[in-house]
Each structure stands twice: as C-alpha cells, then as structure tokens.
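Chain order of the listed sequences is A and B.
According to our numbering, the first sequence is numbered sequentially starting from 16.
According to our numbering, the second sequence is numbered sequentially starting from 463.
Don't read these hints as lab results, they were simulated from the structure.
Computed from a predicted model, the values in this text were never measured in an experiment.
In this text, a Cβ means the ideal position worked out from N, Cα and C, and glycines have one as well.
Careful, some of the hints might be misleading.
What the hints assert, rightly or not - Where chain A lies over chain B, by a calculated footprint (3+ residues, C-beta under 8 Å):
| no. | stretch |
| --- | --- |
| 1 | 531–537 |
| 2 | 581–589 |
To be verified - What the simulated footprint calls covered on chain B by chain A, stretch by stretch (three residues with Cβ under 8 Å from a Cβ of chain A suffice, anywhere in the stretch; the number is not a length):
| no. | stretch |
| --- | --- |
| 3 | 565–577 |
| 4 | 606–620 |
To be verified - Simulated pairs of lysine to any residue, SDA-like, Cα-Cα distance not exceeding 25 Å:
| no. | chain 1 | residue 1 | chain 2 | residue 2 |
| --- | --- | --- | --- | --- |
| 5 | B | K464 | A | A149 |
| 6 | B | K721 | A | V153 |
| 7 | B | K500 | A | T143 |
| 8 | B | K721 | B | Y621 |
| 9 | B | K500 | A | F175 |
| 10 | B | K721 | A | R147 |
| 11 | B | K464 | A | V153 |
| 12 | B | K464 | A | T143 |
| 13 | B | K464 | A | W145 |
| 14 | B | K721 | A | L156 |
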Amino acid sequence: MTRYLLSRVGQAALVLWAAFTASYVLLQLLPGDSILIKFQNPELGLSPQQIAEIRAYYGAGDPPLLDYLNTLLGFLTGSFGYSIDTGSPVVERLAEALPETAKLASAAFVLAVLIAVLIAFAASYSRTSWLRGALLSVPSLFISVPAFWLGILLIQVFSFRLRLVPVIGGGELQQLILPVLTLAVPISAPIAQVLARGIDQVYAQPFVPVIAAKGATRWWILWRHVARNAVLPAMTVAGLTFGELIAGSVVTETVFGRGGIGRLTEQAVNAQDTPVMLAVVVLAAAVFVLVNLVVDVLFPVLDPRLKAAS
Amino acid sequence: MKGGLILSWLVIVLVLLWAVVPGVFTGYDPIAGVPAEKLQAPGAEHLFGTDAVGRDMFARVVHGAVHSLSGAFVAVAVGLVLGTLLGLLAGSAGGVLDAVVMRVVDVLLSVPGLLLALTVIILLGPGTVNVAIAVGIGSVAAFVRLSRSEVVRVRRTDYVEAAFGSGGRFPVVLWRHVLPNSLGPVIALAALQFGVAILAISTLGFLGYGAEPPTPEWGLLIAEGRNYLATSWWLTTLPGAVVVAVVLAASRISRSIAKEGP
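Hey, can you work out the whole structure from these sequences and the hints?
Here it is in structure tokens:
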C-alpha cells in the first residue's frame, strides 16, 4: 500500500513538472516580445535604457536555462512572477480570482453529480423502453451544447422572459444560479454516461436476481447493491472533469461577466500575459493531477476487493 | 439504419452543401445588409430573422458553414495525423519510446483542452487557421492513446506474427497489416472529434480569437447577437441550435462507426 501510494505521488509530481516545463517552453517561444509590445509604445516616452531596466525586472534578459530554473524555483516556493499586463505579482491576481471560481466550480460540480445521478437512476429504474432511451440520450445532448450558448439561452429565458433571476444586482446566491447551471450541464454528461453503463453492468451480475429472489424491492436493489458497485468508475470520470471545470469557467465567467480564474485567463490571452497564462495552466494541471491522485488513493479504501489485489 | 442515424447523415450532408454551394440555399448577401429590414423576427421572408444591420441571419449561418467546417477538418487532420503517427510509433516500438510518448500524453491530458488551445493561441496569435491548429493539438492525446492501444492489440494477432514470420520487414508489416486493421476505431474517434472541434472552434470564435467580424463564423454570430438578448432572441438561439444539431449528428455517426465499422 505504501509503495503504491509513493509511486502514485511520484508519478503525479512528474506529470506536474512536465506540464510546467512544457508550458514554460511553449510560452517562452513566443515570437512577439510581450514586454516590448507593452512598453515600446511611444506615448509612454520610455528611453531604451528604461525599457532595458524593465526587462531586467521581469528577468527577460537572463539566459534561458537560468530563467527556467528561476521560474521553477519560484513556482515551488509559491512566487509565480509578475504579470506583464498590470505589473502586479501573479500570486496576487490568482488569489484575488481563485475564491470566485472556487465557489462557482464547486457548486457546479455538486450540481453536475446530482444531475448525473438523477439521469442514471431514472434511466435504470424506468421500465418503459422509450423513456429509458430518451433519458440515456440526454447526456449526449448535454455534451453537444456549446456552454456559451447555453448560458446565453438561460439568461434569455430566466432573466428576460420569466424575469426570475435579475440580470444585474440580486443576491450573491441569485447571481450564482445561472452560471452554476451553465457550468454543470456539460460536466454532468460524462459522469451520467459512465454511471448508467456501470449500473447496467452490475445488474447483469448473478447476485442481483438472488437478492430479488430474497424479496428485496427494486429501489432497495438499485440503491443498496447496484449503485454502490457502479459508483467507482463514475468517480474516476468525475475526477477527470475537474480540469474541465477550470476550462469551463473561462466561458461561463465571460458570458455572465463574473470575475475569476476564467476571466483572468481571457485577459491574459488578450494581453499576451505569459506569466499569468503559465500560472493558470500549471494551476489547472495541479488541480487535475491532485484530484485524480486522491481518487486513485481512495479507490482501495472504497472497494476492499482492490486492497486485497494490491 | 435507424431514423436518428439517417437524420444525422442528412444534417451533415446539408451542412457540407452549405459550405460548398451556399448560393443554392440562400439568395441573401451574408455581409451586406438592408438597414431598413433590421432586427426582423424569423418569418417566411427571413427564415432566421435579420440582425441589427439588416443582414439575413439564415444567409449568415449558411455562409458561415465553410468557416466552421474547414476549421474542424483542419483540427481533426492535425489531431489524426500527429496522434496516429505518435500512437503507431509508441505502440510498435515499445520500450523507452513508448513510455516517453505516453508520459507526454499524460501531460497533454492533464491540461484541459480549452486552456491548451488558448496557450497555442498566445503562441501563434488569433485567426481562423491558428484556432483550428490549436483545437487540433488539443485532440492529439486522444488519438495517440487510441491508436497505440489498437496497434498493441493488432500486433499480438496471428496474422501479424505470420507476416513477420514470412520475412516481412517492420515498416512494411506496419503499413500493410497493422495500420489498416487499427483504423476502424480511429475513424470513429475522428468523427467524434469533428463534432468536438466544431464546438471548440465556435467557443474560441465566441471569445473573439477566431475570425474577424464581419465574417459569419458561427461562434462569432452568437457573440454578436449577445447585445440584443432582451429583444431579438433569434440572433443567438438559431445559430446555436445549428451548432448543436451538427455536433449531435457527428457524435451519432461516430457511435455507429464504432459499433459497425466504417
């Protein structure tokens, strides 16, 4: 067990380091020098010497390997450099944006799981085949809907037509409803698909008719026996959606005009703010790697059969 | 064939025709509008209504097909070629090369597709082709994984052993036996990725990194319609519905290919 744990942690750290290195190399390859673009503007009236000083401040003149090691050391000690766009430390901008996105993403994740469970349970519980077919095709519809369009549609229906949710103002909770729904819908789809498939597979196992013969109700079989066995693969997929939560926040926060990591990303792309982009990419990779590490480690705890195997 | 599958093929063929011969489907100009006819609701005259400068929305959606479809083709081509080559290499060579390629895939998978695409866009700059390449790079990992597992599966079969046994050289066996027999699921994935690419390209277009206005790219159409949400629902709803239909059709076709072969 300890060996399994150590090797998984090592693997995760390796992937994270590689993700950092790859995005560092990519973003440093940038043909346009974003510092020059920003400060060479004649209106600023900076002398070449001053620009050179600014470049030194951002560490732009350092040899590549030294700069790489400096940046890596910075990331390990929690200093992500300075935003080229605003000049403020990237850590500050991240810290400012993170709580907003964390709120949005965690609420969306909970809602996505609820929607997924609802769809999968209803589909496997329904006896009419057309209803079951309709429920099972809901996830592929959810996946095919552009998130930005869904957000706009929700604003149109709930804010402008029904006037249920105010466009501007309103309580914090009210403001969260539509963005959370927008972010949750596409994420619920893969979880629902895997959960429904898992439930079907467990139903095919011989222990199910045995329990039914003993007099268990359909609901009891589904809840106590089938769902418990079907939940593990769904957990893996749920872990994989965490990266999509961060990516989805780019679209959701833009559509709803919210601040957060997604908005920060959009601004960074527009301003070619490579230090901010690097931090966001590494953050997304870190969240993804960490969550999946936790899922992997939890697996044997949740399923004693796996513990026996390892 | 089931009804849904036929409908899916119809949608794809229709949209392909939009891209090739848009003039057959609409007589209106997608760029030049008639200001007097601005913001008209959908009707017999204007199927999808008109926008704020009096352009026919249906004409814009029809003429926009070529941008979204060609972008998606480029994206899938990038993912398919790069991914399949890497997967073929990793699966047939094995050993250190295999391990290195698969770790690279792990890294690619750890960064969400949209962020990967945005990183590539920072690097290459905005524009239609760059967006397509960015989306394609995001799909490389999926193609590598699938094609590698297919190659590993086919390699173990008797006929490949026999081909090696009868003196076939490695690259020849790879080309004549392993590649054709690994292709089915890869083509199914390509069909799926086609829909995913249309979705991603419209998202990047919506965010403003793709085509420049007044190009009628689908994502951009929806972005432009946002300013008229309260009054003109058709500007955003109808182009979006077209995107959904195309993506759904692509995923339905992909599933049928995965099940029954191409």
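Right, here's what the structure says about each hint:
1. 531–537: With 0 residues closer than 8 Å to chain A, the stretch 531–537 of chain B misses the three-residue bar; violated.
2. 581–589: holds (count 6)
3. 565–577: That given contact holds, which follows from 10 residues of the stretch 565–577 of chain B lying within Cβ reach (below 8 Å) of chain A.
4. 606–620: Result for this restraint: violated, n = 0.
5. K464/B x A149/A: 15 Å, holds
6. K721/B x V153/A: Distance ~20 Å between K721/B and V153/A Cα, so the pair holds.
7. K500/B x T143/A: 48 Å, violated
8. K721/B x Y621/B: 23 Å, holds
9. K500/B x F175/A: Holds, because 21 Å separates the two Cα atoms, which is no more than 25 Å.
10. K721/B x R147/A: 20 Å, holds
11. K464/B x V153/A: 18 Å, holds
12. K464/B x T143/A: 19 Å, holds
13. K464/B x W145/A: 14 Å, holds
14. K721/B x L156/A: 19 Å, holds
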